[in-house]
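**Student:** Once you have looked at the hints, place chain H on chain V.
Chains as they are written, first to last, in my numbering: chain V, 1 to 356; chain H, 1 to 536.
Treat the hints with caution; some may be incorrect.
In silico DSBU-like cross-links for lysine-lysine, where the CA-CA straight-line distance does not exceed 35 angstroms [as the list claims (entries may be wrong)]: (1) V:K91 with H:K204; (2) H:K414 with V:K91; (3) V:K91 with H:K194; (4) V:K91 with H:K128; (5) V:K91 with H:K187; (6) H:K107 with H:K238; (7) H:K236 with H:K204.
Here are a few chain H residues that face chain V, going by a calculated C-beta distance under 10 angstroms [unchecked claim]: (8) F135; (9) K204; (10) W218; (11) I223; (12) G408; (13) W427.
Keep in mind the hints are simulated off the structure, nothing from the lab. This structure is a prediction, so every number in the text was calculated from the model and none was measured. Note that beta-carbon positions come from the ideal geometry of N, C-alpha and C, so glycine has one too.
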Amino acid sequence: MAQTAVDPQGGRSGTRRILPVLASIARFVVIVALTLLGLLAVTFFIGRVIPVDPVLAIVGDRAPEHVIERTREELGLNRPIYEQFVIYVGKVLQGDFGTSVLTANPVMTDIRRVFPATLELATLGTLIGSLIGIPLGVFAAVRRGGLLDQIVRIIGLVGYSVPIFWLGLMALVVFYARLGWVAGPGRIDIVYEYTLSPVTGILLLDTAMQGQWDAFWNALSHLILPASLLGYFSLAYISRMTRSFMLNELSQEYVVAARAKGLSEARIIWRHALRNALVPLVTVIALSYAGLLEGSVLTETVFAWPGLGLYITNSLQNADMNAVLGGTVVIGAVFIGLNLLSDLLYGLLDPRTRRS
Amino acid sequence: MLTFTASIRRNLIATTAAALLATASPAAMAATPPDTLVLAWAIDDIITLDPAESFEISAGEIMGNTYDRLVRFEVDDPSKLYGDIAESWTVSDDGKLYTFKLKSGLKFASGNPITADDVVYSLQRAVKLDKTPAFILTQFGLSKDNVAEKIKKVDDTTVTLETDKAYAPTFVLNCLTANVAAIVDMKLLEEHAKDGDMGYGWLKTNYAGSGPLKIRDWRANEILAMERNENYAGEKSKMARVIYRHVKESATQRLLLEKGDVDVARNLEPGDLEAISKNDDITITSTPKGTIYYVSLNQKNPTLAKPEVREAMKYLVDYGAIGATLIKGIGEIHQTFLPKGLLGASDEKPYKFDVAKAKELLAKAGLPDGFSITMDVRNTQPVTGIAENMQQTLAQAGIKLEIIPGDGKQTLTKYRARNHDLYIGQWGADYWDPHTNADTFARNPDNSDEATSKPLAWRNAWDIPEITKKADAAVLERDAEKRAALYRELQQDLLKESPFIIIYQMIETAGVRKNVSDFKLGPTSDSTYTFRASKS
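Only chain V is shown next, with the shape it has when bound in the complex:
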């Protein structure tokens, strides 16, 4: 998909330049559509074969048989599976993702509500992870075996091995309960709950746009701990990867040449080596961002964060398949979007991909 980046060295005439672009856009659209359809199909069929009766989630354990049968019919669950799938896809094409049986809302309404919560958390988490992780990894590579390198190693080790659930609770105990530096679980204090009218659903943006700075700081104070926690895990990963990419770059001949030319060490590291290391790093960061955007069920549980991860998990456990499928499509779209974005960034960062 790297070819989807606009080709700056296109043909001489206008049509010649546009045609290949159109073709690659068309190919991209087809690929996206097929990917999403495949995702839907797999999720749909998995959802129908798991040994949970979806009707049970709606009517509960106490429902008389005739209520169960009627509900099964209403949901179309008595039809053959392939027929159910065709009907479902037909509705999706008209933009109707169905209604969640657990929340009684249209699935997309639900997702519009829970996704911003996750987006806010994942974005800040990734920012923290990259802004600290990359320099940390660079220093670790430059002073290989030094103190910072050891620290990065320990951070990585802890990040990989400590359960996020435990670390989240510990962080709450220390920073919220003991020190009182941050606000506790939840997205915002109850006081602000009803003074705020949601626009984007991203509280930091909403409060800032409405000039409610008290609420803004409160939301940030709620956000900072879970975001730092997620940031820590992506930091652990990003700093390790940066370190190894940098080690690779620093052993290249152009670095020796640059040194011979008398360039300052800082210039060599930050302008030349890091720039090359950034190319694979973009993929690493994009993947870790996408991973966070799926929603981290455990973090959301500990921090009572009403995000996408909890929503999908809860729906899956109750066989609320409309919600699961809707969520899957959103996550699929996020992955495709981030893939596309990193491909575009590749084009910007690596002249070679532009030429191919």
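**Tutor:** Positioned in the frame of chain V, the structure of chain H alone reads:
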């Protein structure tokens, strides 16, 4: 190089400092507002706000606070009924016609007056919609076709309800205290009705009631907010707002409670309860609930169908150990199928852990060396712990128990299809009358696979024509004392013969901040009245 690392370091320090400053802003530590009661509770079971459909635990509590009904029971003595919107009621001599006289001058939260038309509409609507809890009303012989005849307005303040048989009046009235019999605002619902759905689509996420609190907002898995209903004629809510925050994790609830960011925490596990009991700012309140936990033996399995095996298994549960550790603070050992507090409930506990006795019974059944068996267990506490405990105690009599763990809905699906050997489950009273449990534990009118009614006795293929007859007689006994005696007899029968090993009755516990008064958990979910709580 030095200058560069130094500047990066400076930048790092600057950003960290900025982040710390941001989080230390004074607004961060606001406690709950003085006019708002904030409760941390797992409210992800709510799937609708329509009382004619809602049948979940947390939804039950919300309905109890936001909707009125004809009659209610006293929280402190559930055997006493009082009129809610009914001023008085009478039962005809043949025991089939109930006449309710309504209080006058009552209003819904919307401002619409509460009339006999609303009462008739509400009860008929519940029967016509025929959602899960509708059986509580249809069991008096009401159906879509006859409900217009059976529930009628006599004049503006009088309503009659006709039943098909002369049931015990306690039974009929107890059923009318249930959420499904809540009174809804006809005018408001008809404004929002679509294709004659009686506002069903709209009410799933909206409110049309007259209770002391009204529902302001529900965001699934996030928050449910209620506000004082100023139109309420009775005891007004002390709090301007009551807000439930969805918090699933016990440890998180505990932190929020300790910091004062919530006033009440509702899902504390034994470990957290114990820690909180040492905190001077917090009190613990608890009430026995109408829910019992049991292990059942599928009678389709020929080994489990032997009476001696059924009895032996009852001796192989270490009730003492379970009570002292696994369910400490959240339950108390109970062995009959009627939870304490229901009419006729017996608190007899004839069984204790006795390996010798069990071995003797197994030898009598021709199984001196025991047998192998599976148990389907949900991945939650305390049932997992109880199952593991039983694994050890059963092994002492040579019974090899294999635990099959599963998600709640998964094990339930299997149970309902009668594909299990042993199952560990719970049963909560659907309405505050002994028939609710007798109907499921002690009745199985049709044991065939095609049965239309599938009570717990059916799920375990326990074919009991004689006991079913007794249970049917009990619900028709109009004398309350005689009726209680019939239920005591039924409990004796089940203790001896049934494939149900009843282990304990649930106790609901909550951690409450000291400045909150009159927060009391009710015996049923819909009788926990948060509107009575106040804060100082």
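**Student:** Which earlier hints turn out false for this structure, listed by number in ascending order?
**Tutor:** none
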